[in-house]
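K.L.:
Starting from the known structure of chain E, fit chain Z onto it as the hints suggest.
Chains as they are written, first to last, in the numbering used here: chain E, 34 to 151; chain Z, 27 to 141.
Heads up, a few of these hints could be off.
[What the hints assert, rightly or not] Below, computed lysine-lysine pairings styled on BS3-like, alpha-carbon distance capped at 30 angstroms:
id : chain 1 : residue 1 : chain 2 : residue 2
1  : E       : LYS143    : Z       : LYS35
2  : E       : LYS143    : Z       : LYS40
3  : E       : LYS103    : E       : LYS146
Quick caveat, the hints were computed from the structure, so don't treat them as lab data. Quick caveat, the model's predicted, so the values are computed rather than measured.
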Amino acid sequence: AQTVTQSQPEMSVQEAETVTLSCTYDTSENNYYLFWYKQPPSRQMILVIRQEAYKQQNATENRFSVNFQKAAKSFSLKISDSQLGDTAMYFCAFMKLPAQGGSEKLVFGKGTKLTVNP
Amino acid sequence: NAGVTQTPKFQVLKTGQSMTLQCAQDMNHEYMSWYRQDPGMGLRLIHYSVGAGITDQGEVPNGYNVSRSTTEDFPLRLLSAAPSQTSVYFCASSYSSSSLALGQFFGPGTRLTVL
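Excised from the complex, chain E in its bound form (with noise of 0.2 angstroms):
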């Protein structure tokens, strides 16, 4: 069975400064998909990143981006010029690649709580 690390359950940083979150994955799998979810204080989950384990080349969306190290089975997120909006509880999560007509599930992290201060 797969597992998902999250070894920071709490990190803050200042607004403006860069921080990263850790996450560490064990699976037999060699094709596989890994995200970040976002959860705010409204409890919504939102996608931030995700990334195909297929590819080499690191996920990047805006001011987001992801350090993916298939051998170490070690994908961190990378938040850049932290806002005061970004303060959240982050998920990392796995999946599986489905097989041909079958379905896969998400398996998740404990998360990491970040606080960016003003």
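P.N.:
Showing chain Z alone in chain E's frame:
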């Protein structure tokens, strides 16, 4: 589009009571799922459905029932509530199981307390 809607937003039950958490989506999504979120545990999958009439168990299905009679609705039933079911429940959907790779749309959650 309203997206994924959940009712109620908050609920308090007594041990042994039953209730149904409602989830609906208006995006014609085939795949729907239920998660529970507990402090320090992240999100755990309870049940999921890949289409009307098809459901399957997730990681923590005990104590919960689901059915999927229409594409739009995916209710979660607690037949006899227990304090261990105190949690925040999220419903999520995606166009299909294969499009899970593109991410899921989540509802706003239901906070359930069982006394």
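K.L.:
Now tell me if each hint is right for this structure.
P.N.:
Right, here's what the structure says about each hint:
Taking the CA atoms of LYS143 (chain E) and LYS35 (chain Z), the gap is near 23 angstroms; set against the 30 angstroms cutoff, the hint holds. About 28 angstroms separates the Cα atoms of LYS143 (chain E) and LYS40 (chain Z), which keeps this hinted pair within 30 angstroms; it holds. At roughly 25 angstroms between alpha-carbon atoms, LYS103 (chain E) and LYS146 (chain E) fall within 30 angstroms of each other, so this suggested pair holds.
Checked against the numbered hints listed earlier, the structure breaks none of them; every hint is satisfied.
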